[in-house]
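For reference, the chains in residue letters:
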Amino acid sequence: MNVWLGAAALLLAAGLGPALWGAVRGAPGRRVVAQNFATLLLCLLFLLLAQGYGRPAYVDLALVVSVLGPAGTLVFARLLLGEEDRDPPGVRWLTPVVVTGTAATVLPLCVVTGPGRATVKLLVIGVLLLAGGVVTTRAVRRG
Amino acid sequence: MDDVLVTASLLFVAAAATAAVFNRDPARQAVVLSLLGLGLAVAFTVLQAPDVGLSQLGVGSALTPLMILLTVRKVRKVRRTEKGAGSGPGSGGGKRRR
Numbered sequence: 001m002n003v004w005l006g007a008a009a010l011l012l013a014a015g016l017g018p019a020l021w022g023a024v025r026g027a028p029g030r031r032v033v034a035q036n037f038a039t040l041l042l043c044l045l046f047l048l049l050a051q052g053y054g055r056p057a058y059v060d061l062a063l064v065v066s067v068l069g070p071a072g073t074l075v076f077a078r079l080l081l082g083e084e085d086r087d088p089p090g091v092r093w094l095t096p097v098v099v100t101g102t103a104a105t106v107l108p109l110c111v112v113t114g115p116g117r118a119t120v121k122l123l124v125i126g127v128l129l130l131a132g133g134v135v136t137t138r139a140v141r142r143g
Numbered sequence: 001m002d003d004v005l006v007t008a009s010l011l012f013v014a015a016a017a018t019a020a021v022f023n024r025d026p027a028r029q030a031v032v033l034s035l036l037g038l039g040l041a042v043a044f045t046v047l048q049a050p051d052v053g054l055s056q057l058g059v060g061s062a063l064t065p066l067m068i069l070l071t072v073r074k075v076r077k078v079r080r081t082e083k084g085a086g087s088g089p090g091s092g093g094g095k096r097r098r
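Quick note, the sequences are listed as chains A and B, same order. Reading the first sequence from the start, the letters are residues 1 to 143 in the UniProt record's numbering. Reading the second sequence from the start, the letters are residues 1 to 98 in the UniProt record's numbering.
If you're looking for bench data, these hints aren't it; they were derived computationally from the structure. Nothing here was measured: the structure is a model prediction, and the numbers come from that model. Please note that the accuracy of each hint is not assured.
[Stated by the list, open to error] Okay, the calculated bits of chain A under chain B, using three or more residues with CB under 8 Å as the criterion:
| no. | region |
| --- | --- |
| 1 | 12 to 24 |
| 2 | 34 to 46 |
| 3 | 58 to 71 |
| 4 | 74 to 83 |
Glycine residues also receive a C-beta, built at the ideal position from the N, C-alpha and C atoms.
Just chain A, same shape as in the assembly (with noise of 0.2 Å):
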């Protein structure tokens, strides 16, 4: 129907599928990092959705995976991996994912948003999801 839903579509096929496959198999530290990988694709999914679907609401959804995503991902750091858990494949990798998706959803939207409350929400959101993403980083490189 518009762009917006489009990049959604392709977000979720392109992005989480992969992030699936990767939580499936191998050792713990990888899929940790699928996850991860996976709350923070769904963080700018439902960004394009409620862009998508016209409904400025559904940004409350991106809002609260923000903050669960990596709060979950700290609870399997915390708890599922171990000793030779440390430094899996794939998590350095985190860090440009994040600033690289971040930037490439959330600037768009600013700019169709236009200045006003709902610019700056999007711009709290990518602030939350860049601090998650560095923090996540740190604690899964610990193990």
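Given the coordinates of chain A, assemble chain B onto it according to the supplied hints.
Using the frame of chain A, we list chain B on its own:
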């Protein structure tokens, strides 16, 4: 486009649920279960029920995995102490399920 999104999210939910069934270790299952929760939240949202998706996110992404992992840890600890008490030190604790 709506149909594409609904189909894709339902396929994701089906794949995640199947994967959760075929993972036999409870601790690893918790990771797949949290992804299943995220997929369900997407499915509810594209079906225009974001309130249900919101509660699903709260429960599925952090709370359920936390409870499962705490339970697994407690069960393992109890099992290890029982083994250690039953057959002396050295024989228990070395064995871990996967």
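Hints and how they fare:
1. 12 to 24: Our answer is that it holds, as 8 residues pass the Cβ test (under 8 Å) against chain B, meeting three.
2. 34 to 46: Coverage by chain B holds for the region 34 to 46 of chain A (7 residues, Cβ < 8 Å).
3. 58 to 71: Satisfied; 8 residues make the cut.
4. 74 to 83: It holds: at least three residues are needed, and the region 74 to 83 of chain A offers 4 whose Cβ sits within less than 8 Å of chain B.
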